[in-house]
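**Student:** Here is how the chains run, residue by residue.
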Amino acid sequence: MLPRWLFVPAAIGAAFVLLPVLAIAARVNWADFGELVTSEASQDALWLSLRTSALSTVLCLLFGTPMAVVLARTSFPGQGLLRSLVLLPLVLPPVVGGIALLYTFGRRGLLGEQLEVLGVQVAFSTAAVVMAQTFVAMPFLVVSLEGALRTAGRRYEIVAATLGAGPTTVFRRVTLPLVLPGLISGGVLAFARSLGEFGATITFAGSLQGVTRTLPLEIYKQRETDVDAAVALSLLLVVVAVLVIGLARQGRITEQ
Amino acid sequence: MTLEVEATVADRDVEVALEVADGETLAVLGPNGAGKSTVLAVIAGLLHPDRGQVRLDGRVLTGDGAFVPPHDRRVALLAQDPLLFPHLSVRENVAFGPRSRGAGRRTSHEAAHRWLTEVGAEELADRKPGQVSGGQGQRVALARALAAEPRLLLLDEPMSALDVAVLPALRQTLKRVLAGRTVVLVTHDVLDALLLADRVVVMEGGRIVEAGPTPDVLERPRSPFAARIAGLNLVSGAWHDGAVEGIRGIATEPAPADGDTVVAVFRPSAVSVFREAPGGSPRNNMPVTVTDVEPRGDQVRVRAGHLAADITVQAAAELDLAPGTHVVFAVKASEVAVYRS
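These protein sequence lines map, in sequence, to chains E and V.
Take the position in the first sequence, starting the count at 1, then add 1112; the result is the number in the numbering used here.
Take the position in the second sequence, starting the count at 1, then add 12; the result is the number in the numbering used here.
If you are wondering where the hints come from, they were derived from the structure by calculation, not from laboratory data.
Warning: the hint list may mix true and false statements.
[To be verified] Computed, partial: chain V to chain E, Cβ under 10 Å:
1. P81
2. A153
3. L166
4. Q311
Only a predicted model underlies this, so the values are computations on that prediction, with no experimental measurement involved.
By construction, the Cβ of each residue, glycine as well, lies at the ideal position given by its N, Cα and C atoms.
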């Protein structure tokens, strides 16, 4: 039995999250909604957001999965410190992340000259959008997956090894399938975080329509000139986010 | 010797040396915390001993600067918990070992079918591990370990987490599949040792305190732990007309047939001692000659050859027992358990 009073703060908390979402829906200019969300600028922004977020999610999976495994399954001096640093983007203001990226990969950044020699210019390109999103989203995947790995434990991996499976086989046939739900929810979180990314993107990638102006940036720009468009696009972003979460939940239920 | 182990694990205060011959089953008995599982972990390559060596068929697995990783040892481990991979079907679980060593899908599925049949679980092949019972799960885990074709099989209390109702049948299965294999069986159940092992070592406080052929250790335990769990009367012979060597008892399933070799087991405390055979009762009467009378607190252990009886001090005094006295040991048939051996 739960103490009854617990429901009161729980309801207040839920209302605090849900009311603003309803407020957006209430404020939408439904008459022009279709036109507002299908304008060329909106379409460009939505399409760019989906593309870059999908790509950064893939990058998070490719690099974040091994990182989570190393953090969960090994121990070495300074591991705790490394874990804290890797999770830094979780607590860093995204704008600071953007500045950090700029002074790493920008023209006058740490690696900027080397990149320029190779003929690569990262800052203010679509690649920069993907990098900014990956930077802020990676910790979500790592945290979620590391937790799943620790919960799953090593017992199945040990049994697999005594059955003659080498480390790669164990990773592929035992470790990954066992943490698949954690991998999915981590991926969804990373995608959602990428979709909402604003500060690091505008600092490191700028706001160029069709190239770096993602949906949140488009909303921010329209907010000053065309409030109706900003509200309509906000609702669109909410719908996309809800769809992503819903699909992921569906996937996990089927998995179980 | 097939397996030679010498290991010191300082932080668990374990220091052991043991050997297992080809095709032999060695039981490691001992109380909780005696270091039995530590020894298995060292053999399986899951734990680096501080000092020592593990050799299998002359190949150094651990020691001399060498360390063969667990997956290259051909040493399979079956624990208390079956630990079937929850995302794979029973068939895929059993096929896991062959697949890992490079066998194709078809070959490994055939191997899975063969081993599942061997342990009597072939009808479970399409189920997920969540859909089988504890006893079935342990059968599947046994099939999975055997399908990996290990040179050495390690069993770590494989039956201690199971319902007692499924134990006799699983013991028979183990007995059948372990025959001729090189096995180290960790157990605290004296019956497992009796039925499955050729030799026994008893561990206490991280040391081996007793070792020898199973019947010797169980009949004449010298260490306190072995004495507590064992000290059993064992009478083996051919099963004939519901009795072995004239002793009737309760046979566990599957019941032995006439002529099967069986062993009758009963505790010294279940034995009564008389000067003359008591008549008219459904007891097993064994005329014996007392060889030894040894006081144990408020009890007296009366030995007669390989049999023992625990009686009270008063009863011993009234019977006026001394070595050479002819007496009758009597035990109720309901106190005698009979197992096929």
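**Student:** Look at each hint and say if it fits the structure.
**Tutor:** Now the hints, each set against the structure:
With its C-beta approaching chain E no nearer than about 7 Å, V/P81 sits inside the 10 Å limit, and its interface hint holds. Among the interface hints, the one on V/A153 holds; its C-beta lies about 8 Å from the nearest C-beta in chain E, closer than the 10 Å criterion. About 8 Å separates the beta-carbon of V/L166 from the nearest beta-carbon of chain E, less than 10 Å, and the hint is met. For V/Q311, the interface hint is violated, since its Cβ never comes within 10 Å of a Cβ in chain E; the closest pair sits about 44 Å apart.
Violated hint: 4 only; the structure is consistent with all others.
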